[in-house]
Amino acid sequence: MSLRAKITLPADRYLGPDPAQKEIAQTLYNQVANLPLICPHGHVDPRLLSDPDYQFGSPADLLFIPDHYVFRMLYSQGIPMEKLGIPGADGLTVEQDHRKIWQLFAENFYLFRGTPTGLWITQELVQVFGVDEKLTADSAQDIFDHISACLDRPEFRPRRLFEQFNIEVLATTDSATDSLAHHRAIRESGWPGRVIPTFRPDDLINLNTPGWLANIACLSQASSIDITNYAGFIQALENRRAFFKEMGATAGDHSAETAYTIELSAREAETIFRRALKGQHTAADAVQFTGHMFMEMARMSVEDGLVMQLHTGIVRNHNDYIFERFGRDAGGDIPLRNNFTQNLRPLLNKYGNHPGFRLIVFSLDEGTLARELAPLAGHYPALRLGPPWWYYDSLTGIRRYLDYVAETAGLQNLAGFNEDTRAFPSIPIRHDVWRRVTCNWVAGLVLRGVVDMEDAREMAHDLAYRLAKRAYKLD
Amino acid sequence: MSLRAKITLPADRYLGPDPAQKEIAQTLYNQVANLPLICPHGHVDPRLLSDPDYQFGSPADLLFIPDHYVFRMLYSQGIPMEKLGIPGADGLTVEQDHRKIWQLFAENFYLFRGTPTGLWITQELVQVFGVDEKLTADSAQDIFDHISACLDRPEFRPRRLFEQFNIEVLATTDSATDSLAHHRAIRESGWPGRVIPTFRPDDLINLNTPGWLANIACLSQASSIDITNYAGFIQALENRRAFFKEMGATAGDHSAETAYTIELSAREAETIFRRALKGQHTAADAVQFTGHMFMEMARMSVEDGLVMQLHTGIVRNHNDYIFERFGRDAGGDIPLRNNFTQNLRPLLNKYGNHPGFRLIVFSLDEGTLARELAPLAGHYPALRLGPPWWYYDSLTGIRRYLDYVAETAGLQNLAGFNEDTRAFPSIPIRHDVWRRVTCNWVAGLVLRGVVDMEDAREMAHDLAYRLAKRAYKLD
Amino acid sequence: MSLRAKITLPADRYLGPDPAQKEIAQTLYNQVANLPLICPHGHVDPRLLSDPDYQFGSPADLLFIPDHYVFRMLYSQGIPMEKLGIPGADGLTVEQDHRKIWQLFAENFYLFRGTPTGLWITQELVQVFGVDEKLTADSAQDIFDHISACLDRPEFRPRRLFEQFNIEVLATTDSATDSLAHHRAIRESGWPGRVIPTFRPDDLINLNTPGWLANIACLSQASSIDITNYAGFIQALENRRAFFKEMGATAGDHSAETAYTIELSAREAETIFRRALKGQHTAADAVQFTGHMFMEMARMSVEDGLVMQLHTGIVRNHNDYIFERFGRDAGGDIPLRNNFTQNLRPLLNKYGNHPGFRLIVFSLDEGTLARELAPLAGHYPALRLGPPWWYYDSLTGIRRYLDYVAETAGLQNLAGFNEDTRAFPSIPIRHDVWRRVTCNWVAGLVLRGVVDMEDAREMAHDLAYRLAKRAYKLD
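Chains as they are written, first to last, in numbering that gives the first Met the number 0: chain R, 0 to 474; chain H, 0 to 474; chain C, 0 to 474.
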């Protein structure tokens, strides 16, 4: 094995490149590197943590099969998703041999050069599993063996990793109709890890969701409220929010193609809702109804104190062929131009000045950051800006984000960091990247005489830890 | 006082961070640092300069009460504007104790870390008032005393500061119906400071302005022209432009939600105008009429030589609650996506090739800079690009602006710098920031072998002084 | 001449500025500096290379008269295009004295400080013609003499320059109805230079093209197919594609105001086409028809393997006055906001997963790069991203492009570089700029610990040479 290329993972990575900046950045980073991780938004399966003996599957299961952000890159170069073992629709035959899948992945790992996914995976290999070789066609099987052996060991059980990663709190994202049985099991197990749910009602407030009527039936059952009209629907949602809050939730989350908000009259909402119950609503109805429900969710947030999150501006399942074969979350979600200034105006006008309301907005349209979101967050007391989301959770994405928002919004109007991932072992890596890049950015301000070291230390600490904790009411 | 934190204001601030770049930048900066200030666009109250004994109020009056760009940040963190002494609508009780207000400001001054407002205020404290401590809860009252003592002294009268700041010319922004009495007083006082008005007819050409009919009555009175139809309206505007020009104006200025331009027929314009006189115009009428009036203003500019400025792309008074309590200019103006390529086409097609016409366009939508405005300015002889406006008049805003526009538009199609502020003592600070950042940017070109030092010196001088002077016909 | 300013052209230009980054960049650059040039898209006139004795005209003919990207800058400062010798409409008198024109150009060459055009021209003067003085009013006539003398010499014939530039392949852009006589002459001449055509049917698929009916007549003649209906039109286009392919083409190219695509039924397409044949189509017809023809071109690409290129998002001939006097390509083409996510969806849905299809998309709207095009290219197997186009083929344009796309799309989904120029002698300069800037960017990744030198060498090589060759199927 000695002739194969070693992985280089410099201690000062992502800092600099100016040597003076690097030195200051290192000082700031040393101060925050070991702070506990605040993980207020993500998609880790709570099952991992409810079962104390949960064991990850193969290295392929762990690193890319469930992660469309990774396998999309191989698909983009013409590698069929079937060959990567991505599970598909009934009747679709996909490769089952994980050694073969892993080999194919390793042979094409060069596709990830310079990408955040490449960088995360490399660091996971090194820092979580102690791999010391580059992942290539040659080294693939040895590394497969090595990781497999790790995964067999008790210290690689998710709960042990949770502790080793120094996670202070981890929020999952859960359907509004979920029983939260895994969360209950975690709480009742006596294990002290803080794992909390997040209330996500997308599939109920978007009338176009496939199976919407069945979802309403679930909601009815979960809330024990008979939903035959709009008032019942609202009551059931309020019921579920109360339950989530009881189970530790501090936030809800919403996704939609746009951030359009509008307040309908009770009669309009009722009319649309009844049409939907009969399967007779129009496309326009669905847009209006979601826009109205965002207003309702804000109202409920004012009342119950749950933080409201908005993840909008994305065309889901852009690729019909892939959607039909592999379902959703298969790599074909593509961002779209956004307009927050006008879309959020009704919601911010009604609730944005309310001391009890907290709204965190995420954007995949960088053009909106400096132009719209930073000025909005620098004015409305309720608004905080979420960190770079998805494709932007990268070295240059984070740097640009800070350049676009910090001067206008000020740091205290940011919601810190969250890694928004379903890849559990990547969590500490992503926080580490964020901490390095933000410390380096603050160091740049020191070096240019914008802030002094006293302020810089506070800013680095805020970005690494305190802003997220405060924004999500996790104190 | 010795244990409290001192302010650090490095002589080489905002230069670098690369040491070689910093050295070249310093050479360029030394050459332009003391050039007189050209201030062709801003919102200083001419009253300050018409009364030789004008005295600023308290430190709070001076630094943030009239400056929504500053107090919005405190409001965004939930500090009520009433507690900051921001004057509101009739019947609204606001804090009157300026020591208390100042204390609250100082306690929250950390919110401005890394922001341009924080940086300007800090430099004003140091450079204009000789403060040597950081503004904190501890130092607040001492600094209040210190500034108050300064303001009592004759050298802090606005005219003395104007001279000390080395202002060559200062343009104010004045309603088209203004008597320009303060400007007249300045001219007749024998004081040699050059202070000139700018013709701003927004409240006349936007039919939706609250009180539009009263504004038309003012215009009628100011111009001694009876305005009963569109032709009278046009004649009255021409009359006022002539008056402004007589009083030293070299430019007019216009703001609107979009840069939409359209040429209506005389009959269409007449029809809309008459509907407006009866209070019967529609929302569409207002849009068309403003678009048409931009064309008319361009025509008048061709004829009278006044430079035409456009500040568009902003939703004014986004927050109804704040607007109702505190009126306009209260922090709730939010930028909007823009489209200059199509919106300005009618105007540029009709007047953009005319040698006598000069149009200066500002944008709050950075996406339009490289994509639309730089190519337009690099083609149409009439067009110059205004400097970064509002939220973008910052260290990274200026740097991005230069990167976005300079390669395509060329430096000679830029309008140099203007600080667009109502905060008089911040003027030299803002020019200094611009000069430092632009010199640093030019130094980057030298260091990368793009231009030689001979060209660099010309570029630095152009950016600091000559471009603004030429663009606004101030020679 | 000794007192006049010399040109400085540092060997390490565009690298750095950080010294450590510069050193790594230089290592990477040394490895790629002399690789052959792949030129898969451009506008060089094949006539230059079909006639072995072709001689360029005057220095003005060579450097700016045919290049609207250059002369627009002088026009933007009020220099009439007539005085620059730009040929115009019948009856327009333009300056014919090329020494006078050249003098005017030289006097105003300072306008190009810091611009890519300035930098290209300077490097052409130095590297292609051995000029050692800056171009100024003083040096203008001597440099004119010097270049004229060069152009008289046999080594400045285009074929000799082609060899000296080390061009491996050069694609021209040719009307779909072109006889390709010059390409045939090159092939039959025995000269080994590889010059290939590109199929460009814009003037046939855009129903609003002036003279569209005459173009259809040309197509009919060129294909020997009688075009009386839509089916004949399609057949004729397929016929011409086959001919272009026979003549060496590996790609087609398309330009339009937007990237809108839509699949019409055969009957709808037929109906619109027949209306157009009678000159009775509407504006909406033209939009639908172009959108449909993009789909058809994709279908043909799947079948014949020609790579499909899309250059969209531009308002052509924005300035009526200039268009009427100087026709198209006269400096008035202005970019426009784009939306690829929704516009390309029909086309990518139908063909984007097809292994035989290759689509290369270019954008002048930088906002679409990170937001839309990188995610699309990082998912659809058919899609590659074209390099920075037009105004963005610059030092900062290239750097921003890489920052916007590389992390999300990955390098292998990029189409490398092409210089898209009609200025033949600028070709090696533009490739050199690209190679320097990309090596410097990769060096930045090495320095920050993102990739190691082994990966960096591969990335630099890919960007300089291999990606373009692969994307355009030039292997």
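For the record, the hints were derived by calculation from the structure and aren't laboratory data. All values reported here derive from a predicted model rather than from experimental measurement. One thing to keep in mind: the hints can contain errors.
Put simply, identical chains are the same to the list, so a pair is met inside one copy or across any two.
Said to hold, decoys possible - The list that follows gives simulated cross-link-like pairs (lysine-lysine, DSBU-like), each with its CA atoms no further than 30 Å apart:
1. K5 x K349
2. K5 x K82
3. K82 x K99
4. K472 x K244
5. K472 x K82
6. K99 x K5
7. K468 x K277
8. K349 x K468
9. K99 x K21
10. K5 x K21
11. K5 x K472
12. K349 x K472
13. K468 x K21
14. K349 x K244
15. K349 x K82
16. K277 x K99
17. K468 x K244
18. K468 x K82
19. K21 x K472
20. K21 x K349
21. K21 x K82
We went through each hint and held it up to the structure:
In the homo-oligomer, the alpha carbons of K5 and K349 never lie at most 30 Å apart, since the shortest distance is 57 Å inside one protomer and 43 Å across protomers. In this homomeric assembly, K5 and K82 come within 30 Å of each other (Cα to Cα) only inside a single copy, at 28 Å, whereas the closest approach across copies is 61 Å. Only within a single protomer do K82 and K99 lie at most 30 Å apart by alpha-carbon distance; the minimum there is 9 Å, versus 67 Å between protomers. Taking CA atoms no more than 30 Å apart as the test, K472 paired with K244 passes inside one copy only; the shortest distance there is 12 Å, against 58 Å between copies.
In this assembly of identical chains, the alpha carbons of K472 and K82 lie at most 30 Å apart only when taken from different copies (25 Å versus 44 Å within one copy). Taking the shortest Cα distances, K99 and K5 sit within 30 Å of each other inside one copy (23 Å), while across copies they are farther apart (63 Å). Taking identical chains as interchangeable, the C-alpha atoms of K468 and K277 are never at most 30 Å apart, the minima being 43 Å within one chain and 57 Å between chains. For the homomeric pair K349 and K468, the shortest alpha-carbon distance inside one copy (26 Å) is at most 30 Å, but the shortest distance between copies (46 Å) is not.
For the homomeric pair K99 and K21, neither the shortest alpha-carbon distance inside one copy (42 Å) nor that between copies (42 Å) is at most 30 Å. With identical chains, the CA atoms of K5 and K21 are at most 30 Å apart both within one copy (24 Å) and between copies (25 Å). Taking CA atoms no more than 30 Å apart as the test, K5 paired with K472 passes in neither setting, with 43 Å inside one copy and 34 Å between copies. Within a single copy, K349 and K472 get their C-alpha atoms as close as 22 Å, which meets the 30 Å cut-off; across copies the closest is 47 Å, which misses it.
Taking CA atoms no more than 30 Å apart as the test, K468 paired with K21 passes inside one copy only; the shortest distance there is 27 Å, against 38 Å between copies. Only within a single protomer do K349 and K244 lie at most 30 Å apart by alpha-carbon distance; the minimum there is 24 Å, versus 45 Å between protomers. For the homomeric pair K349 and K82, the shortest alpha-carbon distance between copies (22 Å) is at most 30 Å, but the shortest distance inside one copy (51 Å) is not. In this assembly of identical chains, the alpha carbons of K277 and K99 never lie at most 30 Å apart, being 49 Å within a copy and 61 Å across copies at closest.
Proximity of K468 and K244 under a CA criterion of 30 Å is satisfied intra-copy only: 17 Å inside one chain copy versus 58 Å between copies. Taking the shortest Cα distances, K468 and K82 sit within 30 Å of each other only across copies (27 Å), while inside one copy they are farther apart (42 Å). Proximity of K21 and K472 under a CA criterion of 30 Å is satisfied in neither setting, with 33 Å inside one chain copy and 43 Å between copies. For a Cα distance limit of 30 Å, the shortest separation of K21 from K349 qualifies neither inside one copy, at 45 Å, nor across copies, at 49 Å.
For a Cα distance limit of 30 Å, the shortest separation of K21 from K82 qualifies neither inside one copy, at 43 Å, nor across copies, at 42 Å.
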